[in-house]
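Visitor: Each chain, letter by letter, is given below.
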Amino acid sequence: MSKTPSAIKDLTEKEYQYGFVTALDQEVIKKGLSEDVVRLISSKKNEPEFLLNWRLKAYRHWLTMTEPNWSQVKYPKIDYQDIIYYAAPKTKKDGPKSLDEIDPEVRKMFDKLGISLEEQKRLSGVAVDAVVDSVSVATTFKSKLAELGIVFCSFSEAVHSHPDLIKKYLGTVVPYTDNYFVALNSAVFSDGSFCFIPKGVRCPMELSTYFRINAADTGQFERTLIVAEEGSYVSYLEGCTAPRRDKNQLHAAVVELVALDNAEIKYSTVQNWYPGDKEGKGGIYNFVTKRGICRGHKSKISWTQVETGSAITWKYPSVILKGDNSVGEFYSVALTNNYQQADTGTKMIHLGKNTSSTIISKGISAGRGQNTYRGLVQIQKTATNSRNYTQCDSLLIGDRCGAHTFPYIEVKNSGSQVEHEASTSKIGEDQIFYCKSRGLSEEDAVSLIVNGFCKDVFKKLPMEFAVEAQKLLGVSLEGSIG
Amino acid sequence: MDNLILKIENLNVNVADRAILNGLNLEVRSGEVHAIMGPNGSGKSTLASVLAGRDSYTITGGSITYMGQDLTTMAAEDRARNGIFLGFQYPVEIPGVGNTYFLKAALNAIRKHRGEKELDAMEFLKVAKEKMKIVQMDQKLMERAVNQGFSGGEKKRNEIFQMSVLEPRLAILDETDSGLDIDALRIVANGVNSLRSKDRAIVLITHYQRLLDYIVPDHVHVLAGGRIIKSGSRDLASELEKTGYEAVVAGAGR
Chain P
986 MSKTPSAIKD
996 LTEKEYQYGF
1006 VTALDQEVIK
1016 KGLSEDVVRL
1026 ISSKKNEPEF
1036 LLNWRLKAYR
1046 HWLTMTEPNW
1056 SQVKYPKIDY
1066 QDIIYYAAPK
1076 TKKDGPKSLD
1086 EIDPEVRKMF
1096 DKLGISLEEQ
1106 KRLSGVAVDA
1116 VVDSVSVATT
1126 FKSKLAELGI
1136 VFCSFSEAVH
1146 SHPDLIKKYL
1156 GTVVPYTDNY
1166 FVALNSAVFS
1176 DGSFCFIPKG
1186 VRCPMELSTY
1196 FRINAADTGQ
1206 FERTLIVAEE
1216 GSYVSYLEGC
1226 TAPRRDKNQL
1236 HAAVVELVAL
1246 DNAEIKYSTV
1256 QNWYPGDKEG
1266 KGGIYNFVTK
1276 RGICRGHKSK
1286 ISWTQVETGS
1296 AITWKYPSVI
1306 LKGDNSVGEF
1316 YSVALTNNYQ
1326 QADTGTKMIH
1336 LGKNTSSTII
1346 SKGISAGRGQ
1356 NTYRGLVQIQ
1366 KTATNSRNYT
1376 QCDSLLIGDR
1386 CGAHTFPYIE
1396 VKNSGSQVEH
1406 EASTSKIGED
1416 QIFYCKSRGL
1426 SEEDAVSLIV
1436 NGFCKDVFKK
1446 LPMEFAVEAQ
1456 KLLGVSLEGS
1466 IG
Chain B
4 MDNLILKIEN
14 LNVNVADRAI
24 LNGLNLEVRS
34 GEVHAIMGPN
44 GSGKSTLASV
54 LAGRDSYTIT
64 GGSITYMGQD
74 LTTMAAEDRA
84 RNGIFLGFQY
94 PVEIPGVGNT
104 YFLKAALNAI
114 RKHRGEKELD
124 AMEFLKVAKE
134 KMKIVQMDQK
144 LMERAVNQGF
154 SGGEKKRNEI
164 FQMSVLEPRL
174 AILDETDSGL
184 DIDALRIVAN
194 GVNSLRSKDR
204 AIVLITHYQR
214 LLDYIVPDHV
224 HVLAGGRIIK
234 SGSRDLASEL
244 EKTGYEAVVA
254 GAGR
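Residue numbers (the numbering used here), protein chains in the order written: chain P, 986 to 1467; chain B, 4 to 257.
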C-alpha cells in the first residue's frame, strides 16, 4: 500500500499483554548441557532406567548432528551452553497432591492469564494441565476423567503411573533421531502432557495444556503424547505465553499422536509466545516437531493451529496415514508482524489405501514479517486411490513483508489424486475504503478482512478457542499498517 | 432555517497534481434528487469519492459544508456515521466476510455513533428482512461473502440494499446504472424511488439519461471540465440525450 492509513498505527503502542513476569520461588540448575545435566534432569524426576537410557542415547546422537539450515528463517547462532535446561517452581515435598496445594503465586499467575485452575470456576467442558517452565503444576478434572479410564496428567507423572504405555509409545512417531531439535528435546525434556483415551471412549470434555515460560534464560522442552485407542475420540487444545524479555528463548517441543482403528484426535493450538518487540528484539524461538500417525483403519488426525506469537516459528505438524481409509487434516493460520518469521506447514505421508488429506494454510504477513508455507504431500506406491487437497493462501499487509510458498508433491502411484490451489493477495486500499464508507473504522476494517481470510480455519477451532483466536489476531496485527 | 444538506462552493480538487475539479458549486436540499451528468473524464466519480472521503484526493480550494459542518476535515467513517452514503460504481469484494455480518457491523457503527442501542443478530435480521423486499434481494446473497461472486446487477442491488438499511441523509450513487440490463435497472431504480423521502437527498451520478427515465430528478446538472456548466430541470437530460454533451459544453462557452 503506497498510502499509510494511520488509524492502525496508533495501536502499535499496545503491548503484548502476557509479557509480565511472576516472582516464583524457583529451582534452577546451572546453565549448560552435558551428559551430567541429562542425568540430573532424569534423577530429579526419579525416572526409571529405560527413560534415562533413552535420554542418553538421544543426547549422544544430538552431539553428532548439526543444526538444520534449510528453512527460510534467519537467526544468530544459538549457544546451547548458555541455556538453562531445567527450571521449576519450588514445591513442598513432592509437588501438590491436590489443586488446593498449588502455590498461590502460581495460581495468581494463571488467573492473570485468564486460565483459572479452580475447577468450579472453569467452564465444565475443559480440563487443563498447566505447565510452568519445565514442569506441570496442576491438572484439573483428573478424577472425573479417570472414571472413564481416560488418563490425562503431566508427562512426569505418567512415567510413574503408566510406565508401560510410555515405554510402548514414546518415540514411536517421532524418533529421537528425527532431527536436531527432536534429539535435543529427547535428551532434556522436562515435562509435558500425556493423554490416553481407552478403547471406545469419547472424551466428554476438551483436554487442554497451557504452557507458560516464566524463568529467564531457560529453554522449554516439553513433550506431549496422546494415544487414542480403537474407536475413541479426543479434542485437545494447547495455548502458550511467555514474559517479555530482550533475550531470545528457545522452545523446542515434541508432540506425538497415535490413533488406532476408527479413533480420532483433534489437536488445536493457539500459539502466542512472546514475539519480540517492534524492532525484533527478543522473542521465543519456537522450533517444534509435531507428528501424528493414523495407525489404524479409518482413523483420523486433525491439526488446527493459529500461530501469532514467537520471533521465529519452525513447525510442520504432520500426519502419517498408515491405516487404510485414514484421514489427515491440517488447518493453519500463521501471522507474522514486525520482524517475526514463520516457516510452517505440514507433511502428509500417505501409506494406506484410500487415504485422504486436506491442507488449508492461511499466511498473513504484515510489518516486516516473513511468512513461509512449506508442505510435503507424499503418496506412496501402496497408497492407491488416495487423495489430497491443498489450499494455500497468503495475505500481505503493507509493502515490506514477504510471503513464500514451497509445496512439495510426490506421487508414486497413478490411481491417486492431488489438487493444489494457491493465492496471494494484498489487503487493498479499496477494501478498506469500502468498509470506512460504511462507517467502520480502519482498525475494524482490517480485522474484518483478515478474519474473513482466516474463516475456513477458525471454523475448525473449538468454539471457545475460535473467539480467543480472533481477538488474538486483532491484537497481533496492531500497527501492521504504517 | 432552510433545509440545505450539502453546499459545495468553488471546489478545486487535484489528483496527483492534476486538477480534476475546478471551481465546482452545488447546493442540495433535503427531499431533493439531483442528477449529475457529464462526459467521461469530466470529474463525476472524483466528486463522488471526494464527498465520501477517499484520501487520494487533494482539495486545493473551496469548501464543502454538510449539515452545517465542514466536511473536508471529516474522516470517511465519520461521514458515513453522520449520514453520508456512497453507492459504488464498482462495489468491492471482501472474501470470507458474510454480507449480513458486514452490514450489521456497519449499521451498529452508525447506531453507536448516534448513541442508539446496537442491534443483536436477531434484531438486525428483522430489519434486514424488511428491507430486502425493496430491491428484491435474494436471501442466498445475504449468506454469501460481501459481493463475492455476485453478478454486476447483484452488486448494484446490494449497494441499494445497504443504503436502505443504513438510511442515510445524503446518498451519492455513482454510476449505479452502469452494467445493468433493463430488468435489473428497473429493480434498482424502484429501490431508489422507494427510498426518496423528505428527510433525504439523493445525488445520482450518471453518464446516460436512461436511468432518469426511471428515477425522475428534481434537478439536472452537467459537469464538464471539473465544474458544473449548466443546471436545469428534468428536461435538460432529454436535451442532452438529443444533442449530446458536446453541444452543451460548446454552448456554455468553453
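These are computed hints drawn from the structure, not numbers from a lab. All residues carry an ideal CB built from backbone N, CA and C; glycine is no exception. One thing to keep in mind: the hints can contain errors.
[Said to hold, decoys possible] Some, not all, of what chain B presents toward chain P, calculated at C-beta under 10 Å:
(1) G56
(2) T61
(3) D81
(4) E96
(5) V100
(6) N111
(7) F127
(8) L128
(9) L144
(10) E146
(11) F153
(12) Y248
(13) G254
[To be verified] In silico SDA-like links for lysine to any residue, alpha-carbon gap of 20 Å or less:
(14) B:K143 / B:R172
(15) P:K1411 / B:R57
(16) P:K1440 / B:K143
(17) P:K1440 / B:E96
(18) P:K1411 / B:A148
(19) P:K1444 / B:R57
(20) B:K120 / P:D1429
(21) P:K1411 / B:P94
Visitor: For every hint, state whether the structure bears it out.
Guide: Here's how the hints hold up against the structure:
1. G56: 7 Å, holds
2. T61: 12 Å, violated
3. D81: Interface hint status for D81 (chain B): holds (8 Å vs cutoff 10 Å).
4. E96: 8 Å, holds
5. V100: With Cβ-Cβ at 4 Å, under 10 Å, it holds.
6. N111: 9 Å, holds
7. F127: Since the shortest Cβ distance to chain P is 14 Å, the answer is violated.
8. L128: 18 Å, violated
9. L144: 16 Å, violated
10. E146: With Cβ-Cβ at 13 Å, over 10 Å, it is violated.
11. F153: 14 Å, violated
12. Y248: The hint is violated - Y248 (chain B) has no Cβ within 10 Å of chain P, the shortest such distance being about 28 Å.
13. G254: At 36 Å from the nearest chain P Cβ, G254 (chain B) fails the 10 Å test, so the hint is violated.
14. B:K143 / B:R172: The hint is violated at about 29 Å.
15. P:K1411 / B:R57: Distance ~19 Å between K1411 (chain P) and R57 (chain B) Cα, so the pair holds.
16. P:K1440 / B:K143: 19 Å, holds
17. P:K1440 / B:E96: 15 Å, holds
18. P:K1411 / B:A148: Given pair K1411 (chain P), A148 (chain B) holds - Cα atoms ~17 Å apart, limit 20 Å.
19. P:K1444 / B:R57: At roughly 34 Å apart (the allowed maximum being 20 Å), R57 (chain B) and K1444 (chain P) break the hint.
20. B:K120 / P:D1429: 19 Å, holds
21. P:K1411 / B:P94: 17 Å, holds
Checked against the numbered hints above, the structure breaks hints 2, 7, 8, 9, 10, 11, 12, 13, 14, 19 and satisfies the rest.
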